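Q: Sequence:
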Amino acid sequence: MRVPEISIIVPVYNVDKYLDKMLGSLRTQSFADFEVIIINDGSTDGSAEIIERYCHEDERFHGYWQKNQGVAAARNTGLTYAQGKYIAFYDSDDIVPTDALKNLYQTAEKKEADLVIGVTEIVEGFQSRISLPSKRLALVKNIGKYTYNLVWSFGLWNKLYRRSVMVEHNLRFDDLTFSEDAVFVFRYIFACEKIAGCNAVVYQYRLRDFWENPSITQKTRKKSLCDAVQAYEILRELVTKAIEEDEKNLIDNNDVTDLQVEREKQIHANFRQKLFTRIINFNLLNNFYRRIWRSEEDLYPIMKNAVESLKTEISQEYWQSIVAAQKDLRLERGLMTIEELTEEPLVSFAVLESISKNRAGLILQGIYNQCVPAFEVLVHESLLESLPERFQNMANLHILTENSHSAKMEALKKAKGAFLSFVEEDIFFSINNMRTMAEMLIDDPAADAVSLSVKYIKNGSIEGIPCLDFVFSRRAEDLRDTADFNRLNWMFTNKLFRVAAIKNQEITFSDDSFSDMMKLYDQLNIIKNYQEFMLTYEVDETLILQKCGRLAELYLQEQVYLKAGIKKEWSRRVSAPKVYKRSGLHGIKNNLLVLAEGRSHSGLSGGLKCIYDKLETQENLEVRIYFLDEEKYKPYRYRAFYQQAAEAKFLFYNNKRTLSNLKVREETTAVYIPLEADFDLFQEADDMGQTVRKELERQFPQVRRKKLAFYCGTQIFSAEELKALRKIMRRSNMILMIWHIPTAEEKGMSLNEREEYLIDVSAFLTVDAALSASDVLVSDRCDQLGKFIFLNRPAAVWKSIWADEDLDSMKNELMRQSPILKNTEEMGAWIESLKNEQNQAGTLLKEELFGNCKGSFTEGLLQRLNLI
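Quick note on the numbering used here: the sequence shown kicks off at 432 and runs consecutively.
Don't read these hints as lab results, they were simulated from the structure.
Please read these numbers as outputs of a predicted model, since none were measured by experiment.
Watch out, some of these pointers could steer you wrong.
In silico lysine-lysine, DSS-like type, Cα no more than 30 angstroms apart, as pairs [unchecked claim]: (1) Lys-576 x Lys-498; (2) Lys-672 x Lys-566; (3) Lys-654 x Lys-758; (4) Lys-1020 x Lys-1094; (5) Lys-742 x Lys-705; (6) Lys-705 x Lys-576; (7) Lys-845 x Lys-934; (8) Lys-1020 x Lys-1045; (9) Lys-705 x Lys-542.
Take the sequences, apply the hints, and build the full model.
A: Structure follows, in structure tokens:
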């Protein structure tokens, strides 16, 4: 019997809904020299018949039967029968693209690789996305064992393995029900010699829709958690042992310098931190803590001990990154017990009597499957008999007794959560809906409510509701100043409200939900999420539109125009002067301070953050934050910003475009902060620079008694450019430190550590540390240029990624003395022209903003404004 090139192992357990598609995708592969080993792990549905059919129709398919022992045992059984040169592992409910085997095999043969990693596509409903870590790995020709993105590559499926490596090292799957694949993958990674990337989609991973029976990866069992913890302890031992052996080999190698050893140790340390950060963040918190209500067993003690144990492997900085990424979990206080989650919920669900009793159980299932663990359910007493017993006994379920609109008022009064969801239509929550809405309200204090779109399930597929699809389109925002089409979205269930906002406005409810929602649109700032949506089984667009009168007519007219290919020209931008003037009629609020972040959409940058940190504890101030990044234009944010800016006593902003079309009121103190940098840090920059300089001289003796130029940017220099830079530095008697954003491993650029005039500091210096020690800077990053110029040191803009019009906007007050360099020749000419000159822009700006303050720069600014 001829031995195939590839053996494919597919464990099967009760997946007759999906198995035919998986096996069919294998049979149609463009690469034909393979065998499929199907292990039926005790299925009790129709899976066996499908396996038999494929084995009968195609001699490459082989079926084997065993009692149910779990997926790890099934894969081990498959390994005993595998004969191929390479092995692939696939799940029985996913899809393999037609050219996947061909692409993986050709890469393995061409690169002589023991492991090939391709791109994973994640399919959820009718949406799909590419796994970015898999894409980044696929772009790398030679993947190192401590490459960061490997920590996000626990899955078996997008890889091709050399069978001889498994045989040599006797690799098998541990008897675990969770993360057994991660343990196997890392055992293999540390055993093999060469890993290569394959830049093609080689696997489609399917996430089950929430209304289907959950698979093992969607349930929460105590055994799964215990097995996960055991798996992560195995991973800890594997990584520790591998690193110790590799570092010992480096130290024993006489050809390796001390600097190389230190760099490798730093890479290893970073890899460990990122690996255990991923395990805590994604595997423990997302897979178990967020699903704590799906278990009838007490998972908290095991989970808490596991998180505390793994926290010892990471720094405080990495732990804070987890806290920031999981805002709704409130991790600054630690994990919460079931009792604490019940007593201090973040979200309250009010499930009202108007929902269908025959769907009440499914709606409750969606609520308890969503991934915000701190929630309570207030359910109307008329629905109790319709609920499965397991929901009736939940500790966080409470009863509403009032009828109709009074039930909403009762829910508003009883709700313990900061946010409240009124569930009065047959609309269902998917896993991430509530987390998305809650985090939007946490991130945007000016928002009073957030809404998702709604789609409906028809014959097992998902279809849009035309009027709501339009509401959640950019076109509806374009027309907002002509007609507020948001009001077509008048349901309650697809929105999450800030309880304090409803109470502050003293809003009451009636028996007419449509009128109530119109009132809420008038009084609250309701924002939208354009990516996620909720689901329903039945929908009648006519019923949605018939209450909307003239607005429905305008919508239907717009649809006629669109079908005819006619697009009316309306201004996309919010009418700033109109909104500002209208809002200014309310007068100035002397305690209102507005921070307008115009350079970032993810958090306050530099100077604005310094100001916020100093003022957040001021009880007499109301501080509002708005993110107004031009590249991610959000009309609702601009509208809310103009409304608040018109009433603010103080306004701080860092992008001049923010106020470019406004005449700020005389009563408002507006302060422009042209820095993305944390300007309080600069008072310590000289001391930091001396410390860093000493460390550089210790590691790089050639640095002594020379000036340091610093390149910090996104462009990787070619070999020719590096050659030109060496000549420039030699003529200038300077050293060029290079800190590049993409890693050398990913882009193929590396510098010999023995070089006299060029040194790569990416691996062991932070950008701020390198800046503090440098005499000259060349960069294409605004934040780093701002920091450096603030130190009164010469800096130049490296043009690499900037269009000419973008460069014009960069030339603000802080950068007006900085030249723009287009190539290494211009860099050399500029550096050679430098003597001991200083950039006076920084000095002038410091005097203008901070005066002669003795404390921090921020304190000096705020003292001048009498804010502290």
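Q: Tell me, in ascending order, the numbers of any earlier hints that this structure violates.
A: Violated hint: only 1; rest satisfied.
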